[in-house]
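Starting from the structure of chain A, add chains B, C and D where the hints point.
Residue numbers (the working numbering), protein chains in the order written: chain A, 2 to 215; chain B, 2 to 215; chain C, 3 to 233; chain D, 3 to 233.
Calculated directly from the structure, the hints in this document are not laboratory data.
Since the structure is predicted, the reported quantities are computational estimates derived from the model, not experimental observations.
Among the hints, a few may not be true.
Keeping only pairs whose Cα atoms sit at most 25 Å apart, straight-line, the calculated DSS-like set for lysine-lysine is [unchecked claim]:
| # | chain 1 | residue 1 | chain 2 | residue 2 |
| --- | --- | --- | --- | --- |
| 1 | B | Lys130 | D | Lys83 |
| 2 | A | Lys130 | A | Lys20 |
| 3 | D | Lys135 | B | Lys130 |
| 4 | B | Lys148 | C | Lys187 |
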Amino acid sequence: MSGANRRTPGRLDRAGIAKLVAADIPPGSYVNLGIGQPTLVADYLAPDAGVILHTENGMLGMGRAAQDDEVDHDLINAGKVPVTETPGASYFHHADSFAMMRGGHLDVCVLGAFQVSFDGDLANWHTGKPGAIPAVGGAMDLAIGAKQVYVMMTLFTEAGVPKLVPSCTYPLTGLRCVSRVYTDYGVFALGGNGVEIRETHGIEEPDLRDELGL
Amino acid sequence: MSGANRRTPGRLDRAGIAKLVAADIPPGSYVNLGIGQPTLVADYLAPDAGVILHTENGMLGMGRAAQDDEVDHDLINAGKVPVTETPGASYFHHADSFAMMRGGHLDVCVLGAFQVSFDGDLANWHTGKPGAIPAVGGAMDLAIGAKQVYVMMTLFTEAGVPKLVPSCTYPLTGLRCVSRVYTDYGVFALGGNGVEIRETHGIEEPDLRDELGL
Amino acid sequence: MTTICESADEAVAGVTDGATVLVGGFGTAGQPVELIDALLRNGATDLTIVSNNAGNGSHGLAALLAAGRVRRIVCSFPRQKDSYVFDELYRSGRIELEVVPQGNLAERLRAAGAGIGAFYCPTGVGTPLAEGKETRTIDGRDYVLEFPIHGDVALIKARQADALGNLVYRKTARNFGPVMATAAKLTVAQVLSVTEPGSLDPEVVVTPGIFVDRVVACPSPAVLAEEGAGA
Amino acid sequence: MTTICESADEAVAGVTDGATVLVGGFGTAGQPVELIDALLRNGATDLTIVSNNAGNGSHGLAALLAAGRVRRIVCSFPRQKDSYVFDELYRSGRIELEVVPQGNLAERLRAAGAGIGAFYCPTGVGTPLAEGKETRTIDGRDYVLEFPIHGDVALIKARQADALGNLVYRKTARNFGPVMATAAKLTVAQVLSVTEPGSLDPEVVVTPGIFVDRVVACPSPAVLAEEGAGA
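Chain A extracted, bound-state conformation (with noise of 0.2 Å):
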């Protein structure tokens, strides 16, 4: 395990790790970004790289989310939210789609999480709390279907615990999936080496390993 390679005083806020995430991201990629917190690396994307997004309710080049008379009910992402297309946009039916991502042909997928494995294993489909309603839409096949798949979430609960883990508690979404972890308090890079660190934010390296038992 390596030392984290940048380091900055403050924990960062959700468009911190936003902007951390879609730095990452190489020029021209296919990108699925999941519901929730991950939408808003779309808000970082330089316009001229040209990365283009992937909503698994059948469409390649979403744009931003749809204003005032743009709103067509037609025309939404995963989060069922109105969108707009961007020149060269296409359209396909569902099957096409999970092909699409099953078949590993997404550069990168950035979801949300419960938690994350040491060594990659995901949980963010379902709590696992007796009454939930178990739903999955989407989860599983974003999981095991990029090239890459990075996690934003916060390092850990309102309660203070760690959801990066030895071991997930929680209900998996899929096993040894996730490439890196981005969080307010560190950028981590998951792999057959381990737990790498890649940056620290607000805490110290040494309190960090501490805190998650690395």
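What follows is chains B, C and D alone, placed relative to chain A:
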């Protein structure tokens, strides 16, 4: 086995067989006509019957053979003969075309055969001769893909050997897939009740039974 | 052969109790509201519904659920901000739920339409949704065996049909329509307009008419905006 | 990201000895002759070719075979009236042949592109082409287990590309192009013309640019008419 309900004094020629097949295709059917002799059936379909022809290389609504300046080498049938399109035609790729066949959506498929067995096994892709280059094309998909598979063939080889047989000796194309056999000497329905002689042409039914060992 | 129907009621005639009904749409986009309303009038009950979601607000699919016509729903994302009808039925034990990853739902429907008996699928391996299912390692990767989902009826929404039943769709409202059309014994499409054969460019037909049994024109369909968000 | 190449030679650069090359076309319709000619100049040898046929006449795929570059061919219908180049190589034991039912060829390519590990297929059951393969009875019907066909490279022909690599095709020349585009690590398309992004209606794109790595405009491609007939 019920008796033949129609008979003619003379043996049928190819056109005669094709007419019988065409008359048995319900109006509005989606039909695939195999390469060779079955293509003759198209000439006897009533124009107002609304039968829609499928060609497995990616088209519904195939029209007649192209003539003169209609010839377009991007618009061919499964036998690679230039054809035309009809109003309401559609094009699709090969996986979609074969999904259409294999999913059981075609009403009728008409094929030629080397042999058909009494219980509907079909042999029409390979003579099994040493040195023959095997080539199957879409034959096996057509054999299992349509709701009804009709075979058109001469009932006997040039050497006088029956081609409707207790068990095929040629390499099989599909198992228990043929529902009717149209030949120069008679029409046969195959199914749960064995071989039913529906029509005889140029031969008396008892003699036909003798010849075939029925 | 495709029949052009005079009304949505005629288009759903014959759907019987206990039927498995595939219902197009992703949330409200592509949801065939007029056909669902007709199915409600038709009276069929004890239905199994296969659809991405479990209804929004109180109209369309949600109304069918509210009327107690649905015994079981197979979907990827039942819980949405405006899925209160389903939520209440589920919590009170009055509806069965099978949650299926969205890609498996789409691929299982495609398999039904394409004559595939079953397929080894990369999604869901090692998760609770694969529990009890067969798995197999192929070329070093693990897969779960998934089976087709066949429908008795598919109710879908498209933009335009020609008189032969060829369909084109509109933007992301296309979603499940094309695969559901292939997977049911009886496929019914509501469209904005029905035009002459030859009016659609053969290169751009998305669902060929072979998959479409009945079409009805609903020129001014209900537009159900989402009351919330989900997936 | 899709690269628009200046020449067919640039478009096939980097294809190496021993590669598995998916070649689009059904007979001559959709056969990417200019890309094949460039592959011939490129010099790669010991190739495995996956294509519906085994070449027509003496041009295109047949020329690649004649030059001894192909070790093995996977196809549904090698024998045609004008497949004399292949016939001679096969009869003299200088090329390996795997015959695959046409629908299995298409579905196995689709499976490769769609991340399917294997599938139970109704075609070929009980025939010599299923010998030695796993079978399974599902809901009373017998199936054969078939595996994906992955390509290192796909060479396909389309009508038009936009600068993002979105493709549309022409009539029955579409055939294997869309599935092969999804099944290879490197997909190369020759097209009649390359136009601006936004020039193709998003509703009618057949192959989205995500599947296309390189495009080259060949405005006047060779038209190889069949010398005979086959399937």
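Against the structure, the hints:
1. Lys130(B) <-> Lys83(D): Given that 25 Å is the threshold and the Cα spacing comes to 18 Å, the pair holds.
2. Lys130(A) <-> Lys20(A): This hinted pair is violated, its Cα atoms lying about 33 Å apart.
3. Lys135(D) <-> Lys130(B): holds (23 Å)
4. Lys148(B) <-> Lys187(C): holds (13 Å)
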